[in-house]
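Take the sequences, apply the hints, and build the full model.
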Amino acid sequence: MERTTIDLWVGIFVALGFAALLGLAMKVGNLTTSSIGQTYLVTANFENVGGLKPRAPVKSAGVVVGRVSEITFDPKTYEAVVSLNIDTRYNFPKDTFANIYTAGLLGEQYIGLEAGGDEVNLKNGDKISQTQDAVVLEKLISQFLYSKATESDDKPGKTASASTESGVDALDASPLDKIGK
Numbered sequence: 000m001e002r003t004t005i006d007l008w009v010g011i012f013v014a015l016g017f018a019a020l021l022g023l024a025m026k027v028g029n030l031t032t033s034s035i036g037q038t039y040l041v042t043a044n045f046e047n048v049g050g051l052k053p054r055a056p057v058k059s060a061g062v063v064v065g066r067v068s069e070i071t072f073d074p075k076t077y078e079a080v081v082s083l084n085i086d087t088r089y090n091f092p093k094d095t096f097a098n099i100y101t102a103g104l105l106g107e108q109y110i111g112l113e114a115g116g117d118e119v120n121l122k123n124g125d126k127i128s129q130t131q132d133a134v135v136l137e138k139l140i141s142q143f144l145y146s147k148a149t150e151s152d153d154k155p156g157k158t159a160s161a162s163t164e165s166g167v168d169a170l171d172a173s174p175l176d177k178i179g180k
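Okay, so the sequence shown: first residue is 0 according to numbering that gives the first Met the number 0, each after it adds one.
Please note that a few of the clues may not be correct.
[As the list claims (entries may be wrong)] Cross-link-like lysine to any residue pairs, in silico, SDA-like; alpha carbons within 20 Å at most:
#: 1; residue 1: K126; residue 2: Y77
#: 2; residue 1: K93; residue 2: S59
#: 3; residue 1: K93; residue 2: N123
#: 4; residue 1: K126; residue 2: P56
#: 5; residue 1: K138; residue 2: N47
#: 6; residue 1: K52; residue 2: V63
#: 7; residue 1: K58; residue 2: T76
[Claimed, not checked] Derived DEER-like restraints, expressed as beta-carbon distance ranges:
#: 8; residue 1: E118; residue 2: K26; range: 32 to 42 Å
#: 9; residue 1: V119; residue 2: N47; range: 23 to 33 Å
#: 10; residue 1: K58; residue 2: V9; range: 37 to 47 Å
#: 11; residue 1: A19; residue 2: P92; range: 41 to 51 Å
#: 12; residue 1: S82; residue 2: D6; range: 47 to 57 Å
#: 13; residue 1: V27; residue 2: V80; range: 39 to 49 Å
#: 14; residue 1: R2; residue 2: N47; range: 56 to 66 Å
#: 15; residue 1: P92; residue 2: L21; range: 36 to 46 Å
#: 16; residue 1: D73; residue 2: D6; range: 57 to 67 Å
#: 17; residue 1: G106; residue 2: T3; range: 27 to 37 Å
Hint data in this document are derived by calculation from the structure and do not stem from the laboratory.
Predicted, not measured: the structure shown is a model, and the values here were computed from it.
By construction, the Cβ of each residue, glycine as well, lies at the ideal position given by its N, Cα and C atoms.
Listed below in structure tokens is the structure:
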């Protein structure tokens with residue numbers, strides 16, 4: 000093969016590699032799927048949204064039923080207000096629960112909707128009142144460590160050492176002193 004044809008094939012493979020990386024980045028960033036038609040807007044307040052981002056999926060029973068359109072902060076309630084665009088094909092009762100879940104290896108966060116039993120459905124502009132915040136890993140770890148620390152302090156049978164009970168300083172006392180007594 001000539002040098003120019005080898006260079007041409009290398010160029011084609013490099014271009015295909017860049018196209019594959021671009022496609023993967025688009026897939027990871029939720030920029031490729033847009034099969035949602037007409038939508039209605041509902042909002043939900045959360046104390047902590049974790050790493051939730053706009054364009055994150057809104058799922059119910061594992062099916063994407065909408066997208067997060069906007070996340071803002073309410074200075075009066077000190078909560079995050081999440082706006083959800085839900086496909087008009089899917090109607091949810093007014094007492095629907097909105098939870099923030101984490102999925103996948105990359106830790107993508109999404110809103111999970113769990114339908115309630117109300118006969119009246121959500122409509123454009125409604126607010127989902129029952130929400131559950133994102134689980135923050137650092138908070139879970141600190142709660143676990145704190146509970147383990149208090150557990151070890153509260154164990155029955157744990158007594159002070161003999162030197163602290165008698166009021167004798169450990170530096171002043173020697174184990175040999177007890178032999179003569």
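(request) May I ask which of the numbered hints given earlier this structure violates, with the numbers listed in increasing order? (result) 7, 13 and 17
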